[in-house]
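Undergrad: With these hints in hand, go ahead and build the complete structure from the sequences.
Sequence lines, in order, name chains A and B. -14 is the number of the first residue of the first sequence in the numbering used here; add one for each residue after it. 62 is the number of the first residue of the second sequence in the numbering used here; add one for each residue after it.
Because the hints were derived from the structure by calculation, they are not lab data. Fair warning: there could be bad hints in the mix.
Pairwise CB distance ranges, derived in the manner of DEER restraints [what the hints assert, rightly or not]:
#1 A:Ala442 x B:Leu97: 24 to 32 Å
#2 B:Thr293 x A:Gln247: 53 to 61 Å
#3 B:Thr75 x A:Gln80: 33 to 41 Å
#4 B:Thr293 x A:Gln337: 48 to 56 Å
#5 A:Ala443 x B:Lys276: 32 to 40 Å
#6 A:Val8 x B:Leu507: 28 to 36 Å
#7 A:Phe44 x B:Leu507: 37 to 45 Å
#8 B:Lys481 x A:Ala442: 24 to 32 Å
#9 B:Phe66 x A:Val8: 32 to 40 Å
Don't be surprised by glycine CBs; every beta carbon is placed ideally from N, CA and C.
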Amino acid sequence: MQGLASLVDRMWDAVASVKLTMVMLLSLLLLSIPGTVVMQYNISNVDPGIQYGYGFWNFGTQLQLFTAYHSFWYVGLMVILSLNLIACSVNRWPQMWKLAVAKPVKWSRATFGVQPETLRFHWDTKLTKDEVQSLVLKWAASPFGDRPKVLDSGENKVQVFWQKGRWSRIANYLVHTSLLVIFAGAIVTALYGFEGAANIPTGGAVDTLIVFKEGKESGLVKAPGGLVNEKLLGFRIKVKDFRVNFYEDFPGRPESFVSRLQILEDGVPMMEQSIRVNDPMEYKGIRMYQASYGPLGDSEIQMRIVDKKDAVRGQVYRKIRLGEVLPLERYNQSVVALQALKDVQGFGPGVQMQALDGDQPTGKPFWILKNHPDFDFSNRTEAPYGIVVDEVEELYFTGLQIGYDPGAPIYWWGCFGMLLGTFYALLVAHRKYYVHFEDGRIDFAGSIHRLPFGFEAALAKQAAELKELTKG
Amino acid sequence: MENLFDSTLFALNTSAYLYLLACFLYIISISRADTLKIDKWAKRASWVVLVGFVLHSLGLLGRWWIGGISRPPWTNLYESLIAFAWGVVLIQIYVQRKWKLPLLGVFATPLVFILMGMSVMTPNKEIEPLIPALQSHWLKIHVLFGLVSYAGFTVAACLSFLYLMRRGVTLSRVGTGLALIMVLNLSMAGGYEVFQTGDFVMAKTTTKTLPSGKKVETKDTYREYEGGPVVTRMEKVPYAHIPFWWAFVSFLLSSVVFWRGRRKNGEESKESLSAEDATRLGHDLSPLMKGVFASGLVAFIALLGNVFWAKHLSPTLSLASNPYLVILLIMSFFLALVFYIIQARYGTFLKALPSASRIDEFSYKNILFAFPFQTLLLVTGAIWAYGAWGRSWGWDPKETWALITWFAYLIYLHGRLLMKWSGTLLSVVSIIGFVIMVFAFLGVNLVLSGLHSYGAA
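TA: Here you go:
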């Protein structure tokens, strides 16, 4: 039984060793690198198998190199680091806590300022004991730090003590606990959350998502890669409108893209909102982000069919898409738009069209130029009508990212705690001050538990101030 | 507006040249034989840095003014370089004055000049309006925290380097490291091509029209297929392979010669060096070491000449399309020059520095200041990403490298507070952390691809 106890002890010591912490940190640093160099499985990346060829793909898959940050070795490191962190914290707690809440030690003049990090000043005063006591208690009171205390009082003798920043002794506990809270939030998100994308054309709607990673949620369809799946949302997202605006002076540089989204459940509209980059919307905890956009390969064309004999009254306005057949009953013909270009050989935007007789093309395809409305009239002299294009609008799909992140509130609290703790632990130190009055002489001493930078100068300044105050 | 824009360009370029001037004044400073003169010249250099800093600040403010309040001057590669350099100079000036350490500039100012030199050579200096992803208040906050922490780490690394020298590292050891750095830099300058074909190549130059209609000289790139990677057309620089291989072999040889003839660091444990100790440390280089290193340096000058006059050797080559290559070579040359001067005057240089434990303290204090801001950088980045991309942490290379930098300084802090590591080991960790940080800041954008790619040229 004793053998078992000592084994447990030794294991505990191994897990609680600071050396293990250093090894873990170094390993984390090094093992974070491969995932930034080797391509990761991701919805927007080419498959690593295509990128690297079979040999390396096989090797990498065995080692989980293409899912580096979810791999057994990376997660394993995190787990060991967490255990080590908990063990170290538990081990050191009693000592740290004692230092933070320790009762101040009463000093005698003989031991005053003998510790190496303590600085000491002294001067003579004409004040009485009571005057010194009340002056110092008032002077040392500060909104930060503990209320000054009288440690020792006798006839013609008084000792006042105060301290600042004592919680910085255990601020590292706030940092480390917060780190574990962040891990907990990340685990909740990894288990119960999902993250996906959907490309939707204007007017279109979706109820399924392509998800990046598997969650515990049901409704997953396995894809051959094993990582890209489809997921049912439980509601439909309809894109009522989508617009891209470009900067006027910087062609091709988008200023904003905005989607007007409508949420439908069983065909019933539940919610409607516009989203843009940096400004998402939320429905039932699922957040929808504007991520990207792309050309749909289609355009909407506003045109007029103008009768050559009666140009004033014989104008017909039409709006068509590419590939759409527009019947012209009056001329026993129809036309179809084949393609739209932003620039036709330097003549500006244009649409290529084809006249049809029934189902069969008749004549050659012809161009309608937006900036040269009379071109069609002189180009196709035999046709009884001419076409004028007023507007060509390229159609886009909107790229949405849709995510459910149940761990977020947990890890945001963790981040907040970690920031608070980091600033407190690194930039604040535990400072102790003593003022000792005895027989017309004042001793002033201060100590700091670490970070002695600037403390010396600050204490000298305080001493000068106090000396001025208590000279009498 | 056009006038103001030109003035900001002028101010920023001038500040870069002033930093270069300061570099040379620092070189004069460390080549002086007595500590008083070292101090005097270093102070002159510091004044030049201060004037450069004023122009630098005006240039940045001018860009902010033109771009409007919502567009801070750190939204593309050009501006990031300038803003980062600005942060480094700010902290450098503060540290130099507060802790009376004018010699910090010997290492800090060349770094600043490299950043500013890179910015001068970046082709696109336009103030372009923000793309939607950057239209957020987090742009100001997140990047500002990044600048503060990265500048703090940079100055800390310079101080760590000073610390190592002050502790009496023998020059044969410094020389081994420096020769290896030169080999590494030459390899980067030469690229894959130099090892495949033996020829020294540079990016071919072409003229590109910016969205604003301005024409700039830049490297000639193309895509082999839709969605494929962007490839740069390369061209052989006539004759350049001769000095390249000469320098490469010389520095490789000199690293071996330095390492084989290294002296023991008997002085490492001493807090303050005596004048004799310091002089002895400076004279531990044998004529063979000096000779091989000098041979590399001569070859290097020849290579620089080749690169600078490439335009006259081939009409389709220019410096403008190879900014990083040029800066890399200048930086390496400068490092070697500083080493050459320091080896002659090592004793006086060391005597002009404060005690080693003071320098260690300064470096530690910089890291204590920078680390919480690095944490803020990560957290604000996560908040921004949560609002813009829909996830708080996505293991994008930029995010991951910022985390790796954070790990490096975590190791520093735990090594210091828990393990009570020696100042020498901590300084090495601080310098490694700095190298990682530089990669996180620039390397990721220039080498790896990812969501932060709008930071690239």
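Undergrad: Would you mind marking each hint as holding or not holding in the structure?
TA: Hint check:
1. A:Ala442 x B:Leu97: 24 to 32 Å: holds, 26 Å
2. B:Thr293 x A:Gln247: 53 to 61 Å: violated, 47 Å
3. B:Thr75 x A:Gln80: 33 to 41 Å: With a Cβ separation near 57 Å, B:Thr75 and A:Gln80 fall outside 33 to 41 Å, so the hint is violated.
4. B:Thr293 x A:Gln337: 48 to 56 Å: Cβ of B:Thr293 to Cβ of A:Gln337: about 36 Å, so the range 48 to 56 Å is violated.
5. A:Ala443 x B:Lys276: 32 to 40 Å: Violated - the Cβ-Cβ distance for A:Ala443 and B:Lys276, about 58 Å, lies outside 32 to 40 Å.
6. A:Val8 x B:Leu507: 28 to 36 Å: holds, 32 Å
7. A:Phe44 x B:Leu507: 37 to 45 Å: violated, 28 Å
8. B:Lys481 x A:Ala442: 24 to 32 Å: Holds: the Cβ-Cβ distance is about 26 Å, inside 24 to 32 Å.
9. B:Phe66 x A:Val8: 32 to 40 Å: Since the Cβ atoms of B:Phe66 and A:Val8 sit about 53 Å apart, the hinted range of 32 to 40 Å is violated.
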